[in-house]
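> Here are the chains, one letter per residue:
There are 2 protein chains.
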Amino acid sequence: MGFLDVVLGRPLRSEEDDAQRVGVAAGVPTFGLDALGSAAYGPEAALTILIPAGMAGIAYVWPISLTILLLLGIVFFSYRQTIDAYPNGGGSYTVAGKNLGETVGLLAAAALMLDYLLDVGVGISTGVGALVSAVPRLGPHTLAICLLILVALTIINLRGVRESGLLFMAPTYVFVVCLLGVLGWGVWKTLMSGGHPHAVVAPPHPEAGRAMAAVGAWLLLRSFASGCTALTGVEAVSNGVRSFREPRTRTAQWTLTVLVVLLALMLAGIGYVVRAYGIEATEPGSKDYQSLLSIITAAVAGRSMVYYTTIASILVVLSLSANTAFAGFPQLCRVIAEDGYLPRFFAIRGRRLVYTEGILVLTVLAGAILVVFGGVTDRLIPLFAIGAFLAFTLSQAGMVAHWQREGGERKWLNIGINGVGAVATGITVVLVLMAKFAEGAWITVVLVPLLILLMQAVHRHYARVEKVTRVGELDLKPRGSLIAVVPVSRWDRPAEGAMRFAYALTEEVEVLHVDCSSEEGETGCEDWRPLVGEAAERAGVSVPTLTTVTSPFRLILKPIVDHVLKVEAEHPERSVAVVVPELVARHWYQYLLHNHRSTALKATLLIRGNGRIAVVNVPWYLEK
Amino acid sequence: MGFLDVVLGRPLRSEEDDAQRVGVAAGVPTFGLDALGSAAYGPEAALTILIPAGMAGIAYVWPISLTILLLLGIVFFSYRQTIDAYPNGGGSYTVAGKNLGETVGLLAAAALMLDYLLDVGVGISTGVGALVSAVPRLGPHTLAICLLILVALTIINLRGVRESGLLFMAPTYVFVVCLLGVLGWGVWKTLMSGGHPHAVVAPPHPEAGRAMAAVGAWLLLRSFASGCTALTGVEAVSNGVRSFREPRTRTAQWTLTVLVVLLALMLAGIGYVVRAYGIEATEPGSKDYQSLLSIITAAVAGRSMVYYTTIASILVVLSLSANTAFAGFPQLCRVIAEDGYLPRFFAIRGRRLVYTEGILVLTVLAGAILVVFGGVTDRLIPLFAIGAFLAFTLSQAGMVAHWQREGGERKWLNIGINGVGAVATGITVVLVLMAKFAEGAWITVVLVPLLILLMQAVHRHYARVEKVTRVGELDLKPRGSLIAVVPVSRWDRPAEGAMRFAYALTEEVEVLHVDCSSEEGETGCEDWRPLVGEAAERAGVSVPTLTTVTSPFRLILKPIVDHVLKVEAEHPERSVAVVVPELVARHWYQYLLHNHRSTALKATLLIRGNGRIAVVNVPWYLEK
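So the protein sequences, as listed, match chains A and B.
Numbering-wise, the numbering used here puts 307 at position 307 of the first sequence, and it's gapless, one number per residue.
Numbering-wise, the numbering used here puts 178 at position 178 of the second sequence, and it's gapless, one number per residue.
Just so you know, the hints here were simulated from the structure itself, not pulled from any lab data.
Misleading hints may appear alongside valid ones.
Identical copies look the same in the list; a pair holds intra-copy or inter-copy alike.
In silico DSBU-like pairs for lysine-lysine, Cα to Cα no more than 35 angstroms straight-line [unchecked claim]:
no., residue 1, residue 2
1, Lys467, Lys558
2, Lys477, Lys566
3, Lys477, Lys558
4, Lys287, Lys98
5, Lys411, Lys98
Next up, chain A with everything else stripped away, as it sits in the complex:
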């Protein structure tokens, strides 16, 4: 069992595909960690914006939560239909591309790709950030821990979609049970106490007497825009439909449903408990900072075993939320590559039937982001929700067009739902962009068009190659016979093997010798020239031409290539086979002891040659 077998598992046969697919139970951790994890930062982001308004802001938590829940519902219905209509995956990219045209599809694709990439970078660094604030002495190792998690996620995902799902099942469901339990307990206490529950650990409140800002529309807008990050990750299931067990659309739809219901319960619970307990967010970066879920859990359950279990499970889920990107990104790239807008290698399944190259590209890019930002990616968070909401909008708009074309019995209902969704998420994109433009969202506005241009260029290239390499039937009409040119530096077995092979190809053989010596009249081939001629005569074949070119600057390759090009130009109807003898040593340490002119010559001929020059490599093995 080799090293790769241990790390990545044995290679899987193509037919083993089915066994690698996930059901609902494994699908939720595979595709849902991002969405579920966003419950940990979405509401907190919204509340952080409201800090300046103090307790007055808390009153607006419920309407903001309801708006976000409504959006979630619309997005859910839209993707549910998308899965049904496009069971090959690709999500927003496919929907927008098929219904609104190529460029719109690429817009969705670019937005999603960027979003997935940020998901990995920001997801991991957020989780590690929470871990480091819990265990401060890990601080100096932030970047190392981030990269360690990245590598672990990469390896797990290279082992297959199913593996990550099974592996992350336990932490995911512990998180869900703990958080929903705490929230449910909080709701119960609120109801029992007639709406005024007593907090076990009082939530922190900034000193009295601070200046209160008025609650204005712009503040609420920004709070809503920040809260929308809670919805990221919902699109992942629609990208990876092909990873689900048959009937795959049903399985994917159920997975999406479970995911959205869990997320909605969490968001609603958080909104309710926050208002009931009068919880404010704390300023990130300040010394009193405490995460919102930590305050809530402490208020409801006290600093008990439940508290520590819940907080630990949140940390784990946040750190692993990047797994969603590892499940979605390669599948998205695969669909785009199959359409010819990304390099084809994205569509090749590796040893474990996952799209290896997509996983590795994601790892490298996310690793670069983590290294550049030193493992602290706070400044990237403003970029985060835009990609996802842009994709939501385009996907819904695409579905409107889809229903218009396809009809069906509930045509107008569907158009209505998706139309409202498109408008709502579209407005959200504009709001988020406005609210966060200066903070960094402008980067998205620059990067997305560049990505689109790049993908279009890739497509144009493939289309051109497709066009110029298209060929009807094989044209075997007789052409002039081959001319073989055999470059020989010294007369040895490799050279003899090449000569024999040349005579197997054609009767017209030219032996080419490059003379680098500065002594006059001495070419270095006097001793073997006659041998070759005599042998040809004896064998009754045409005597080879013996050409010597001098090389005053002691170059070897250039004179050979120049001569071959000349021969080719002199015979416009015939092909030239350059028969290159090559001594092949079997051991690496012999590498330094032999020149590698054959290899260099082959490469040079390939680059400088043209359609009628073929290179024949006749190896001669030192070890049998």
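Guided by the hints, dock chain B onto chain A, whose structure is given.
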């Protein structure tokens, strides 16, 4: 004019060799910087050992100096004869190898190679060390300055032997004139003052009352052993005889003579002045440290303009003394490589007719030493003289054998001189080894045999290759016709070109398709299979076999190579040509957009193949 033309100069034609040779005037700086520079550290090294003996030790300076001068004279006569007898260079290696056997020659070669390498590392770092002690704020940049000088020396030497000679002429002769001037002035003052000159700047003496060690034999021995480093570098001229202007043996001999006379005058002058002025060395590394030549110059000439000019010229010559190694090492490696004991690339002349690879190997190894030791190579100094003296000894012993065989009118005189020389330098080797064994000289004892074993292994390999690749005449007796195998993944122009080429080679063509799809009955070649067969029928050639191999693990190369090996095994008398179609893109940025299976396939076939499999590469160019 390209970048290389600017940095290295235009390429030189092989016939321009003569213009690149050096005469005596340029030969002294080219090959002599090491020898002349050693006047700066040899006597100081001897005196440093005598420090514990105080002024009592100074009395022994003169006998030690005379012994070293006598050795220098013997070594000089020996190398003068060597140059005459072996005008192709190689020095000790050639003399010892030709007269005392291969292993002894390799012993001399290994010793010399190590000595040259140390010369570069220690030479540069000694010069920079002196510079840094003069300008302390350069201290933190020691390694950077060392590497800068190394790169500068490399480039200058890549430009040709003559360039370095001409460039270094001025500093060399300034150094010689200054130092000999100061020493001559000191001798004159001594004679004028009746043997008791007055020092302009009194030489430093350690505090009185320190414990004086008795002057014993072991102390004198160690002092002598250290002083012998003054002789290193004398062998360089004999290694590079071929770099001298015709008549090259005369020119080389005159260069050696000038060099040795200058060195002898310096050593004698230093010995005389040190005793006359009662100068002691100062402890290296102590805060009162001052170099011996600095003390002497200050004592004789005061801290005048003369002082600063002399000290500056010493710094420059020390820093550049590594140039001797750059002149000698590549020539030495060239001679060894021509004998087959080093990789052949050492014997290839580059664009400026110097042995480029030897220069680069020296740069890389010396750079590694400098980096490992951080630019401070004090700990390597004990290793220094051993290689040189071992080479002296073997060279003299070889000359004894030479005269015994060759005779000549002064046979016995010559044998006498070289015999005495061999014994004297041999004793010196033993003394130096004993005196410095624990300080690091043992490393030489370990490294030299390893180098010899390595060179013998290289020779054995070349000898074996020479033997197994030797071929008498070309055997063109008819063999079975070729079988062509064309791997085709999709039917496009490159594939069609490869098929056409295959039919130009032989009538027996097999098209090989690898089927990676998991769907049953679908192989991916249904659409073009018939086209190929029909075309062959229409053209009246034999219809190609169409073979499909399935690849359950989605590998492409392995099934192809396995199949080709199978075909080859089934036809023990025939050769198999694997005709590989290849789409060649002209732009680097297209690299990612196409797979590189052709390249990988060619490499895999080359490695896994055997004598009867040739690879034919038929390129198809995307850009014409």
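> Next step is simple, just say for each hint if it's right about the structure.
Do the hints match the structure? See the list:
no.	hint	verdict
1	Lys467 / Lys558	both (34 angstroms within a copy, 30 angstroms between copies)
2	Lys477 / Lys566	both (25 angstroms within a copy, 31 angstroms between copies)
3	Lys477 / Lys558	both (34 angstroms within a copy, 33 angstroms between copies)
4	Lys287 / Lys98	neither (51 angstroms within a copy, 82 angstroms between copies)
5	Lys411 / Lys98	within (18 angstroms within a copy, 100 angstroms between copies)
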